[in-house]
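Number of protein chains: 2
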Amino acid sequence: MSEVRVITINQSVFAQNDRSAEIIRKNLTEQGTLFLNFMSSPGSGKTTTLVALINRLKGRLNIGEMDVDIESSLDAQRVADLTGVRSLQIHNGGLCHIDADMTARALVEYDTKGLDLLILENIGNLVCPAEFDTGAHKNVTILSVPEGDDKPLKYPLMYQVSDVVLINKIDTLDYFDFNPEKAKSSILALNPNAVFFPISAKTGEGLDAVCDWILAEVDTIKSGIL
Amino acid sequence: MSEVRVITINQSVFAQNDRSAEIIRKNLTEQGTLFLNFMSSPGSGKTTTLVALINRLKGRLNIGEMDVDIESSLDAQRVADLTGVRSLQIHNGGLCHIDADMTARALVEYDTKGLDLLILENIGNLVCPAEFDTGAHKNVTILSVPEGDDKPLKYPLMYQVSDVVLINKIDTLDYFDFNPEKAKSSILALNPNAVFFPISAKTGEGLDAVCDWILAEVDTIKSGIL
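Chains U and L, in that order, give the protein sequences. Taking the working numbering, the leading residue of the first sequence gets 351, the next gets one more, and so forth. Taking the working numbering, the leading residue of the second sequence gets 351, the next gets one more, and so forth.
One or more of the hints may lead you astray.
Identical copies go unnamed one by one, so any copy, or any two together, can satisfy a pair.
[As the list claims (entries may be wrong)] Here are the computed lysine to aspartate or glutamate pairs in the EDC-like style, where the Cα-Cα straight-line distance is at most 20 Å: (1) LYS572 - ASP500; (2) LYS534 - GLU380; (3) LYS463 - GLU353; (4) LYS408 - ASP431; (5) LYS552 - ASP524; (6) LYS532 - GLU421; (7) LYS408 - ASP521; (8) LYS534 - GLU421; (9) LYS552 - ASP562; (10) LYS408 - GLU531; (11) LYS534 - ASP569; (12) LYS552 - GLU481; (13) LYS488 - ASP527; (14) LYS552 - ASP500; (15) LYS376 - ASP466; (16) LYS534 - GLU353; (17) LYS532 - GLU372.
Source of the hints: derived by calculation from the structure; they are not laboratory data. As the structure is a prediction and not an experimental result, all values here were calculated from the model.
Can you make the complete structure from the sequences, with help from the hints?
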């Protein structure tokens, strides 16, 4: 095996994005809205997980949801239909990510005042979304069992920027060669502060613990309001 | 649910890429090398599938392999170790795709003369790789059962540009709500010429039919040499 490096990145675009993201985060903190950014591969169960979490939390929190997709409105419609919360479909014109300026434009459309929790379902992709701070308070990444426990090694930036990792589809652990401890240790090597929740969005296993974490984070944001 | 469009794309970058891709394709055609570009989500089984296909074909074809990854060299090393063919790891500096110019730079490192078949394992991503013609003769996309049969609706461009779709992990059909006919009809609506192979790279089911298709495509390329 041999190796070749074919490109280097211009860092300035990320620095500018980081500044825009800080403004979003500051504004949402001041109004007491927790902003969570959910990321993952396509097909890892983001929408199913979000529907299940929102339905568990909507009696206790005022929740809003935004969904990024290239073309379709399937996910935002599904969230709206299955949870009743207000959802906004963001079409990003075929790009593989949403950045802070795009998020800011979406927030002009979606009045977030009075929300306790704003959820962004990012585009299904382990590369680009990791590079752009959206202004969220916390990044939540879903790693599903069928994808394999080597994903953190292959997409390290995604796991470096993830505060929380939901290991989803644990009801299928018997059918795949997925070692949760191996996945966790690879992620902790990239990000020693990562928090893990094993879940099955399909069966509901483990979701209560994720809700408890979200409720605690909402309390943290609100306790900072003077 | 409401909707907002936050960006439009500049098409000229794709037009320039298309011209570079045509040069690569023409050169490989003239030397009788079939160039296949394998794309999919992360964790759909690209490397496992390629190892299985290469081991079935290496007695009949002279094969080369190139692997794009952001950081690691895991996949190229795995292909080299498990098949014995010459593999090149392409590091693309964190980008979500490889374009034709990057492919051309990799081809300077990887002398393709005498190869019957050159395989590119693209980065695991359903968005960016679909946008950039790499110069391959055929695009092969892997859709794995655990990802769900709605992926063609959510990532339509990937399926528009795919000549062949391998429906992988069919050994797990009993455990997931995946309707192969629904997936096929969604893909055919986007691309009426798409060809399908149901496979399990793990058990080997269906791989002989894929090998037959590859052998026929190699014959087609070589029959064009004067």
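Going down the list of hints, with the structure as the test:
1. LYS572 - ASP500: neither (37 Å within a copy, 38 Å between copies)
2. LYS534 - GLU380: neither (34 Å within a copy, 48 Å between copies)
3. LYS463 - GLU353: Classified as between; 18 Å across copies, 51 Å inside a copy.
4. LYS408 - ASP431: For LYS408 and ASP431, only the intra-copy Cα distance (14 Å) is at most 20 Å; the inter-copy one is 51 Å.
5. LYS552 - ASP524: both (16 Å within a copy, 15 Å between copies)
6. LYS532 - GLU421: between (36 Å within a copy, 19 Å between copies)
7. LYS408 - ASP521: Close neither inside one copy (25 Å) nor across copies (38 Å); limit 20 Å.
8. LYS534 - GLU421: Answer is between: at 19 Å across copies they meet the 20 Å cutoff, but 34 Å inside does not.
9. LYS552 - ASP562: The answer is within: 19 Å in one copy meets 20 Å, while 38 Å across copies does not.
10. LYS408 - GLU531: The answer is neither: 32 Å in one copy and 36 Å across copies each exceed 20 Å.
11. LYS534 - ASP569: neither (27 Å within a copy, 47 Å between copies)
12. LYS552 - GLU481: Intra 29 Å, inter 33 Å, cutoff 20 Å: neither.
13. LYS488 - ASP527: Answer is neither; intra-copy 29 Å and inter-copy 31 Å both fail.
14. LYS552 - ASP500: between (23 Å within a copy, 16 Å between copies)
15. LYS376 - ASP466: Classified as within; 15 Å inside a copy, 58 Å across copies.
16. LYS534 - GLU353: neither (28 Å within a copy, 37 Å between copies)
17. LYS532 - GLU372: neither (34 Å within a copy, 43 Å between copies)
The structure does not agree with the numbered hints 1, 2, 7, 10, 11, 12, 13, 16, 17 stated previously, though it agrees with the rest.
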